[in-house]
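Q: Listed here are the chains, written in short residue letters.
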Amino acid sequence: MIERIPDLVNSDANLVRRGRFLSTTFMLEIGDQGYLVKIIEGRIAGVTPGPFVTPNYSFALRAPRDEWEMFWKKVPAPGHNDIFALFKRGKLTIEGDLHPFMANLLYIKDVLAAPRREAVQ
Amino acid sequence: MSPRFEPITGRYLNFDLLGRPHRLYIEEAGQGIPLLCLHTAGSDGRQYRGLLNDKRITDNYRVIVFDMPWHGKSSPPEGYQNEEYKLTSRGYIQMILEIADALELDKPVVMGCSIGGRIALYLAHQHAKRFRAIIGLESAAHVAPYYDVEWLHRPDVHGGEVSAGVVSGLVAPTAPDNHRWETLWHYLQSGPGIFKGDLHFYKVDGDIRGKIDEIDGRASNLYLLTGEYDYSCTTEGTLDIAKRTGAQATIMKGLGHFPMSEDPPKFIGYLLPVLEKIRGAA
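Chains as they are written, first to last, in my numbering: chain F, 23 to 143; chain H, 146 to 427.
Only chain F is shown next, with the shape it has when bound in the complex:
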């Protein structure tokens, strides 16, 4: 799913426009597997899977694999439809420098939810 994020985001001119003031690299952990997601002016410049020796990132989002799978369903069930729902249930943690995350929250939520567009159910 996560491998599709660059194409899905970069082909969406409106989403890229909304993120145009954001350039950062953040860590996304799906269970034990980490990915560094690099954003340059709203475009996804790369998604690099770990393991990493000295990963450098602004903030990290970590949740178990089954939570991300539920999150990426076409119509997610209650409690699984938003990263804040995952926070609230204690399934997702965020740490690091939250400024780029909060200042671009609507954009980042749509980036993370992009794989839903290709979900079958």
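Hints may contain errors.
[What the hints assert, rightly or not] In silico DSSO-like cross-links for lysine-lysine, where the CA-CA straight-line distance does not exceed 30 angstroms:
{"#": "1", "chain 1": "H", "residue 1": "356", "chain 2": "F", "residue 2": "95"}
{"#": "2", "chain 1": "F", "residue 1": "110", "chain 2": "H", "residue 2": "398"}
{"#": "3", "chain 1": "H", "residue 1": "252", "chain 2": "H", "residue 2": "200"}
{"#": "4", "chain 1": "H", "residue 1": "348", "chain 2": "F", "residue 2": "131"}
{"#": "5", "chain 1": "H", "residue 1": "348", "chain 2": "F", "residue 2": "113"}
{"#": "6", "chain 1": "F", "residue 1": "113", "chain 2": "H", "residue 2": "398"}
{"#": "7", "chain 1": "H", "residue 1": "231", "chain 2": "F", "residue 2": "131"}
{"#": "8", "chain 1": "F", "residue 1": "131", "chain 2": "H", "residue 2": "398"}
{"#": "9", "chain 1": "H", "residue 1": "231", "chain 2": "F", "residue 2": "110"}
{"#": "10", "chain 1": "H", "residue 1": "356", "chain 2": "F", "residue 2": "110"}
{"#": "11", "chain 1": "F", "residue 1": "95", "chain 2": "F", "residue 2": "60"}
{"#": "12", "chain 1": "H", "residue 1": "388", "chain 2": "F", "residue 2": "110"}
These are computed hints drawn from the structure, not numbers from a lab.
Guided by the hints, dock chain H onto chain F, whose structure is given.
A: The following block gives chain H in isolation, referenced to the frame of chain F:
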């Protein structure tokens, strides 16, 4: 061609709240039993546009919606530049009672969502006799903070955008896009620090957990409706209040935290039977 006006009248009411003069914006439509509607934190009365325009409701109810002070078209009181806005249970209750008095409403039904759903519990606890019925939408006795509200008001983050970002997931994923983004627009437009100031009531001052067992849900005609996608005021929280008070609770499928705004037709489908019951027609 005649202009296509909606059947809504908007006016400004001058009244005093906690000793200070206010100029409050109020919309209304319909006739019959007064139905006083309370919007969510950081938003305004436009959330009730679907109800104000629905003849099935306005044939029997006079729907009245006000923008709380500091919200929508109700400006803050004079001198606001010298204070930090913080909503309290005391101020919120007083506001509702004084507006009902100023409008000379005779035993209105009051319906509030989120912070309005919380204050509905306070009204059921302290002022039940003044209302014909009380409808709490997305009512929870308490919501523990699950993110740092300081992000909602600081100069290096756009307050409207972050507020909309925080609440966007509370809209059900099945909500129609036009209503979803209308709902978010109200947050995108909210005044600086206003959502945060309302959350002072929602997360700090307005903890009513200790009084739930003192509420008589039957005597106060308390109805609770909560959307299944609401992770802020959860369905479990609502059902717990219903169980302890005797209130009638409905869990609404395919709706989230802003039922009247995110999908008005779907919400009205759940609301109509409640309104029929209240006016004794069902």
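Q: Which numbered hints are broken by the structure, listed smallest first?
A: 1
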